[in-house]
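From first to last, the protein sequence lines are chains A and B.
According to our numbering, numbering within the first sequence proceeds without interruption in unit steps and concludes at 399.
According to our numbering, numbering within the second sequence proceeds without interruption in unit steps and concludes at 399.
Just so you know, the hints here were simulated from the structure itself, not pulled from any lab data.
Each residue gets a CB set at the ideal place from its N, CA and C atoms; glycine is no exception.
Treat the hints loosely; a few may be bogus.
To be verified - Here are the simulated lysine-lysine pairs, BS3-like style, with alpha carbons at most 25 Å apart:
{"hint": "1", "chain 1": "B", "residue 1": "K49", "chain 2": "A", "residue 2": "K49"}
{"hint": "2", "chain 1": "B", "residue 1": "K221", "chain 2": "A", "residue 2": "K294"}
{"hint": "3", "chain 1": "B", "residue 1": "K20", "chain 2": "A", "residue 2": "K76"}
{"hint": "4", "chain 1": "A", "residue 1": "K34", "chain 2": "B", "residue 2": "K61"}
{"hint": "5", "chain 1": "B", "residue 1": "K31", "chain 2": "A", "residue 2": "K20"}
{"hint": "6", "chain 1": "B", "residue 1": "K294", "chain 2": "A", "residue 2": "K61"}
{"hint": "7", "chain 1": "B", "residue 1": "K31", "chain 2": "B", "residue 2": "K20"}
{"hint": "8", "chain 1": "A", "residue 1": "K293", "chain 2": "B", "residue 2": "K76"}
{"hint": "9", "chain 1": "B", "residue 1": "K76", "chain 2": "A", "residue 2": "K29"}
{"hint": "10", "chain 1": "A", "residue 1": "K221", "chain 2": "A", "residue 2": "K254"}
{"hint": "11", "chain 1": "B", "residue 1": "K31", "chain 2": "A", "residue 2": "K61"}
{"hint": "12", "chain 1": "A", "residue 1": "K76", "chain 2": "B", "residue 2": "K30"}
{"hint": "13", "chain 1": "A", "residue 1": "K49", "chain 2": "B", "residue 2": "K254"}
{"hint": "14", "chain 1": "B", "residue 1": "K293", "chain 2": "A", "residue 2": "K61"}
{"hint": "15", "chain 1": "B", "residue 1": "K76", "chain 2": "A", "residue 2": "K30"}
{"hint": "16", "chain 1": "B", "residue 1": "K34", "chain 2": "A", "residue 2": "K61"}
{"hint": "17", "chain 1": "A", "residue 1": "K254", "chain 2": "B", "residue 2": "K31"}
{"hint": "18", "chain 1": "B", "residue 1": "K254", "chain 2": "A", "residue 2": "K20"}
Stated by the list, open to error - Each pair of labels, with its calculated beta carbon distance range:
{"hint": "19", "chain 1": "B", "residue 1": "Q297", "chain 2": "A", "residue 2": "K221", "range": "44 to 52 Å"}
{"hint": "20", "chain 1": "A", "residue 1": "H57", "chain 2": "B", "residue 2": "E72", "range": "26 to 34 Å"}
{"hint": "21", "chain 1": "A", "residue 1": "F60", "chain 2": "B", "residue 2": "N377", "range": "16 to 24 Å"}
{"hint": "22", "chain 1": "B", "residue 1": "S183", "chain 2": "A", "residue 2": "Q80", "range": "50 to 58 Å"}
{"hint": "23", "chain 1": "B", "residue 1": "I155", "chain 2": "A", "residue 2": "Q80", "range": "34 to 42 Å"}
Said to hold, decoys possible - Non-contacting residues of chain A with respect to chain B, defined by C-beta distances greater than 10 Å in every case (computed):
{"hint": "24", "residue": "D44"}
{"hint": "25", "residue": "K77"}
{"hint": "26", "residue": "K83"}
{"hint": "27", "residue": "E88"}
{"hint": "28", "residue": "F131"}
{"hint": "29", "residue": "T163"}
{"hint": "30", "residue": "Y200"}
{"hint": "31", "residue": "Y212"}
{"hint": "32", "residue": "D290"}
{"hint": "33", "residue": "K294"}
{"hint": "34", "residue": "K305"}
{"hint": "35", "residue": "T335"}
{"hint": "36", "residue": "W339"}
{"hint": "37", "residue": "N343"}
{"hint": "38", "residue": "A383"}
Number of protein chains: 2
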Amino acid sequence: MSKLSISNRGQEMPASPIRKLVPYAEAAKKKGVKVYHLNIGQPDIETPKQVLDAVRHSDFKVLEYSHSAGNESYRKKLVQYYKSVGIELDYNQIIVTTGGSEAILFGFMACLDPGDEVIIPEPFYANYNGFAVEAGVKVVPITSNIESGFALPPISAFEKAITPKTKAIVICNPNNPTGYLYSKEEMETLRTIVQKHNLYLFSDEAYREFCYDGTQFSALKLDGVEDNVVMMDTISKRYSACGGRIGALVTRNKTLLDTVMKFAQARLSPPSFAQIAGEAAVDLPADYFDVTKKEYQSRRDLLVKRLNAMPGVFCPNPGGAFYAMAKLPIDDSDTFCQWLLENFEYNKQTVMLAPATGFYGTEGLGKQEVRLAYVLNTDEINAAMDCLEKALEVYPNKK
Amino acid sequence: MSKLSISNRGQEMPASPIRKLVPYAEAAKKKGVKVYHLNIGQPDIETPKQVLDAVRHSDFKVLEYSHSAGNESYRKKLVQYYKSVGIELDYNQIIVTTGGSEAILFGFMACLDPGDEVIIPEPFYANYNGFAVEAGVKVVPITSNIESGFALPPISAFEKAITPKTKAIVICNPNNPTGYLYSKEEMETLRTIVQKHNLYLFSDEAYREFCYDGTQFSALKLDGVEDNVVMMDTISKRYSACGGRIGALVTRNKTLLDTVMKFAQARLSPPSFAQIAGEAAVDLPADYFDVTKKEYQSRRDLLVKRLNAMPGVFCPNPGGAFYAMAKLPIDDSDTFCQWLLENFEYNKQTVMLAPATGFYGTEGLGKQEVRLAYVLNTDEINAAMDCLEKALEVYPNKK
Numbered sequence: 001m002s003k004l005s006i007s008n009r010g011q012e013m014p015a016s017p018i019r020k021l022v023p024y025a026e027a028a029k030k031k032g033v034k035v036y037h038l039n040i041g042q043p044d045i046e047t048p049k050q051v052l053d054a055v056r057h058s059d060f061k062v063l064e065y066s067h068s069a070g071n072e073s074y075r076k077k078l079v080q081y082y083k084s085v086g087i088e089l090d091y092n093q094i095i096v097t098t099g100g101s102e103a104i105l106f107g108f109m110a111c112l113d114p115g116d117e118v119i120i121p122e123p124f125y126a127n128y129n130g131f132a133v134e135a136g137v138k139v140v141p142i143t144s145n146i147e148s149g150f151a152l153p154p155i156s157a158f159e160k161a162i163t164p165k166t167k168a169i170v171i172c173n174p175n176n177p178t179g180y181l182y183s184k185e186e187m188e189t190l191r192t193i194v195q196k197h198n199l200y201l202f203s204d205e206a207y208r209e210f211c212y213d214g215t216q217f218s219a220l221k222l223d224g225v226e227d228n229v230v231m232m233d234t235i236s237k238r239y240s241a242c243g244g245r246i247g248a249l250v251t252r253n254k255t256l257l258d259t260v261m262k263f264a265q266a267r268l269s270p271p272s273f274a275q276i277a278g279e280a281a282v283d284l285p286a287d288y289f290d291v292t293k294k295e296y297q298s299r300r301d302l303l304v305k306r307l308n309a310m311p312g313v314f315c316p317n318p319g320g321a322f323y324a325m326a327k328l329p330i331d332d333s334d335t336f337c338q339w340l341l342e343n344f345e346y347n348k349q350t351v352m353l354a355p356a357t358g359f360y361g362t363e364g365l366g367k368q369e370v371r372l373a374y375v376l377n378t379d380e381i382n383a384a385m386d387c388l389e390k391a392l393e394v395y396p397n398k399k
Numbered sequence: 001m002s003k004l005s006i007s008n009r010g011q012e013m014p015a016s017p018i019r020k021l022v023p024y025a026e027a028a029k030k031k032g033v034k035v036y037h038l039n040i041g042q043p044d045i046e047t048p049k050q051v052l053d054a055v056r057h058s059d060f061k062v063l064e065y066s067h068s069a070g071n072e073s074y075r076k077k078l079v080q081y082y083k084s085v086g087i088e089l090d091y092n093q094i095i096v097t098t099g100g101s102e103a104i105l106f107g108f109m110a111c112l113d114p115g116d117e118v119i120i121p122e123p124f125y126a127n128y129n130g131f132a133v134e135a136g137v138k139v140v141p142i143t144s145n146i147e148s149g150f151a152l153p154p155i156s157a158f159e160k161a162i163t164p165k166t167k168a169i170v171i172c173n174p175n176n177p178t179g180y181l182y183s184k185e186e187m188e189t190l191r192t193i194v195q196k197h198n199l200y201l202f203s204d205e206a207y208r209e210f211c212y213d214g215t216q217f218s219a220l221k222l223d224g225v226e227d228n229v230v231m232m233d234t235i236s237k238r239y240s241a242c243g244g245r246i247g248a249l250v251t252r253n254k255t256l257l258d259t260v261m262k263f264a265q266a267r268l269s270p271p272s273f274a275q276i277a278g279e280a281a282v283d284l285p286a287d288y289f290d291v292t293k294k295e296y297q298s299r300r301d302l303l304v305k306r307l308n309a310m311p312g313v314f315c316p317n318p319g320g321a322f323y324a325m326a327k328l329p330i331d332d333s334d335t336f337c338q339w340l341l342e343n344f345e346y347n348k349q350t351v352m353l354a355p356a357t358g359f360y361g362t363e364g365l366g367k368q369e370v371r372l373a374y375v376l377n378t379d380e381i382n383a384a385m386d387c388l389e390k391a392l393e394v395y396p397n398k399k
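Put together the whole structure using the sequences plus the hints.
Following this line, the structure appears as structure tokens:
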């Protein structure tokens, strides 16, 4: 009997580039080595008490399905939230999703067919690859460079990549993994391109509040491309509520909303508990983000300063999110990150980083770069940077 | 400028056949008519207090991502649960999903490619159509008949439907929408077919505990097809916890588990709150299901008796789940169900049913059938049946 076959899609589905190092981290911990996790975007910031309390003090008797688009009360609350960041919406323009992940999947599924192409400035959030494989869509990367701090590639780079199969551009602003914050001018450049070529603009705005130099200019604020813009959002990072799995797909495109609703109905509803949390989060005091942002900013300042003080290391100052990309004097970031866990320790400690290769669509790029998530406090960042500094002194395959 | 196009997939995606009547129900309520909802599988049974309390009394500080396969503690607890129903598993054979819905999607995505065919005995759970469209898969229905109480179609019907593109058979046991409980012999017939033709057997076992005449024989208990069987599960109906959005994909096929994990990692993790609920549910007292089952059984007995007492109505006695299919003396179930909401009332009350047409893959079938979910208490079922009885007396398009 021939073996039951896995689908081609299943075989093409990329393994998580970040999680492949996990066994090495576990082995290090078993040896008694403390591992500083700068590799993933799981913040250590406490979820606001009143957000968790809203769930803990809930008093319903039946854990029912919610509306497929999310509770009406939550969507109306979200209208209030978006208004507070200068975006005017009707609650029917918001479909609550199971994390930002599902918003990306729904957007791809509803707008794109197998064989269609999406342009994404690289380096980009690695899971876009996974959702593209699920939808049968081809990711066409255009490169942004560490030397320019990962600014938006020029219009000419987009024009060169556009084919008759191109249906959309995907951005993440502020960016994961680069931390780059797109300027208003860059957003207007994107408007020009999507308008001219009749493309969707998928804008992942998970890190909206975490901007340290200036503020975010949402794709939803672009005039004249109301039907083109699909915004993906999530409460995960905003309120340190990653496990809630509550996000949103937001668009003013009525036909698209009707289509996405069909996907939303097939999976019945987003999680009920965390919708309560998300609704309570909108009522957090106005200074909530000030405190969190100040904390992230001091971490960023420290991290960037420590990195750039190391010989041969270059780290552009990220304007937002809680990630930084650094170029290291090494041969290969995959080898180096594994070596840090497998062969290195300093005072019984080491650091786990994400090799940048997983964030590039172009084979061969990112070999000297790593992503650092500043999700630890400044003392721990200092300790992690001590490890990295020592590691770079003794790493055998420097370049 | 040409309009931005919706994907073909998005256009093909079926609208929910149940939810299309919702506007008529809302209009009826606005007129002051009470609507008995027998149309959806949202039980009125209270979620067990200790299940909700586990969430309400939780004391974590950060709502973190869980493991992509679900918390290890929860998966280990699920091993205990499955053991209690006679299924031996290792916790690594369980991947916790966002509802049973995601388990179906992951199974389709990992096993099937666009153009592949899956055979499903009809009538079937309508959302299988949606997940099939998402995966680009063709659903090939083979008909089970109300006259035989919706027993498994004969082997010959399967053999006739199998083509070189057939990759899987999908069953739901006990069945939604028919309530049919497959016998051990029928399950062994399915084993013979999937073994002979090297097919996956997707088994949706959401209603495992709700069997009133005999017990469920899980597909995971079939010998010799360990690599073929993929079981989809959920806590939604079992503990009346539909809004939790916690399910599971269970298989002993190692290659498939590795593949599904890639899909699971792309969406990061299942919801954290409801995993706590699901874990607590395994510790419910042994008599929990006895009480719930007794309640459902008395509802079933009443519903089936009332239906069969109406002139021209036939309702086979369903062995499990909480659905019944009935054949009515009407021209068209879609028209009739809409008429019930739009043009009928009895003592300021009416009833909402699901037209069976949405559950058949073969065009034209189910026009005289409706699905009734017995998710209301016996008093309400009686009142709903009074409405239906009167409605059938005055409905103008009888047949």
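Okay, the hints, checked on the actual structure:
1. Taking the CA atoms of B:K49 and A:K49, the gap is about 23 Å. The hint holds against a cut of 25 Å.
2. Between B:K221 and A:K294 the CA atoms are separated by roughly 56 Å; this puts the pair beyond 25 Å, and the hint is violated.
3. Pair hint B:K20 plus A:K76 holds up; C-alpha atoms about 23 Å apart against a cutoff of 25 Å.
4. Straight-line distance between C-alpha atoms of A:K34 and B:K61 comes to about 22 Å, which keeps the hinted pair within the 25 Å bound.
5. Simply put, B:K31 and A:K20 have alpha-carbon atoms about 59 Å apart, too far for the 25 Å limit, and the pair is violated.
6. With a C-alpha separation of about 20 Å, the suggested pair B:K294 and A:K61 falls inside the 25 Å cut-off, and the hint holds.
7. About 19 Å separates the Cα atoms of B:K31 and B:K20, which keeps this hinted pair within 25 Å; it holds.
8. As the CA atoms of A:K293 and B:K76 are separated by approximately 38 Å, the hinted pair breaks the 25 Å bound.
9. As the CA atoms of B:K76 and A:K29 are separated by approximately 23 Å, the hinted pair is consistent with the 25 Å bound.
10. Simply put, A:K221 and A:K254 have alpha-carbon atoms about 17 Å apart, close enough for the 25 Å limit, and the pair holds.
11. Of the pairs offered as hints, the one joining B:K31 and A:K61 is violated, with about 28 Å between alpha carbons and a cut-off of 25 Å exceeded.
12. Between A:K76 and B:K30 the CA atoms are separated by roughly 22 Å; this keeps the pair inside 25 Å, and the hint holds.
13. Restraint check for A:K49 and B:K254: not satisfied, since their Cα atoms lie roughly 41 Å apart, outside the 25 Å limit.
14. For the suggested pair B:K293 and A:K61, the alpha carbons sit about 19 Å apart, so the restraint of at most 25 Å is met.
15. Of the supplied pair hints, the one linking B:K76 and A:K30 holds, its CA atoms being roughly 22 Å apart against a limit of 25 Å.
16. Straight-line distance between C-alpha atoms of B:K34 and A:K61 comes to about 22 Å, which keeps the hinted pair within the 25 Å bound.
17. Straight-line distance between C-alpha atoms of A:K254 and B:K31 comes to about 29 Å, which puts the hinted pair past the 25 Å bound.
18. With a C-alpha separation of about 18 Å, the suggested pair B:K254 and A:K20 falls inside the 25 Å cut-off, and the hint holds.
19. Take B:Q297 and A:K221: their Cβ atoms lie about 57 Å apart, and the range 44 to 52 Å is violated.
20. Our hint of 26 to 34 Å for A:H57 and B:E72 holds, since their Cβ atoms are close to 29 Å apart.
21. Distance hint for A:F60 and B:N377: a CB-CB separation of about 18 Å, consistent with the stated range 16 to 24 Å.
22. The hinted window of 50 to 58 Å between B:S183 and A:Q80 holds, with their beta carbons roughly 55 Å apart.
23. For B:I155 and A:Q80, the Cβ-Cβ distance of about 59 Å falls outside the hinted range of 34 to 42 Å, so the restraint is violated.
24. Listed as outside the interface, A:D44 is inconsistent with that label: its C-beta sits roughly 7 Å from the nearest C-beta of chain B, within the 10 Å cut-off.
25. The non-interface label for A:K77 is consistent with chain B: the shortest C-beta to C-beta separation is roughly 18 Å, beyond 10 Å.
26. At roughly 25 Å from the closest C-beta of chain B, the C-beta of A:K83 stays outside 10 Å, upholding its exclusion from the interface.
27. Non-interface status of A:E88 relative to chain B is upheld: no Cβ of that chain comes within 10 Å, the nearest being about 21 Å off.
28. Distance check for A:F131 against chain B: the nearest CB is about 6 Å away, which does not clear 10 Å, and the non-interface claim fails.
29. With a minimum CB-CB distance of about 16 Å to chain B, A:T163 clears the 10 Å threshold, and the non-interface call stands.
30. Listed as a non-interface residue, A:Y200 fails to keep its Cβ farther than 10 Å from every Cβ of chain B; the least gap is roughly 6 Å.
31. Remark: the non-interface label on A:Y212 is consistent with the geometry, its nearest Cβ contact in chain B lying 22 Å away (cut-off 10 Å).
32. Residue placement check: A:D290 keeps its beta carbon more than 10 Å from all beta carbons of chain B (closest about 20 Å).
33. The claim that A:K294 lies off the interface holds: its Cβ sits roughly 19 Å from the closest Cβ of chain B, which is beyond the 10 Å cut-off.
34. At roughly 27 Å, the least C-beta separation between A:K305 and chain B is larger than 10 Å, which holds for a residue marked as non-interface.
35. The claim that A:T335 is not at the interface with chain B holds, since no C-beta of that chain comes within 10 Å of its own (minimum 22 Å).
36. For A:W339, the requirement that its beta carbon stay farther than 10 Å from each beta carbon of chain B is met, with the minimum near 24 Å.
37. The beta carbon of A:N343 sits about 26 Å from the closest Cβ of chain B, which is more than 10 Å, so the claim that it is off the interface holds.
38. Consistency note on A:A383: stated as away from chain B, and its beta-carbon is indeed over 10 Å from all of that chain's, at 20 Å minimum.
In terms of the numbered hints stated before, the structure departs from hints 2, 5, 8, 11, 13, 17, 19, 23, 24, 28, 30, listed from lowest to highest.
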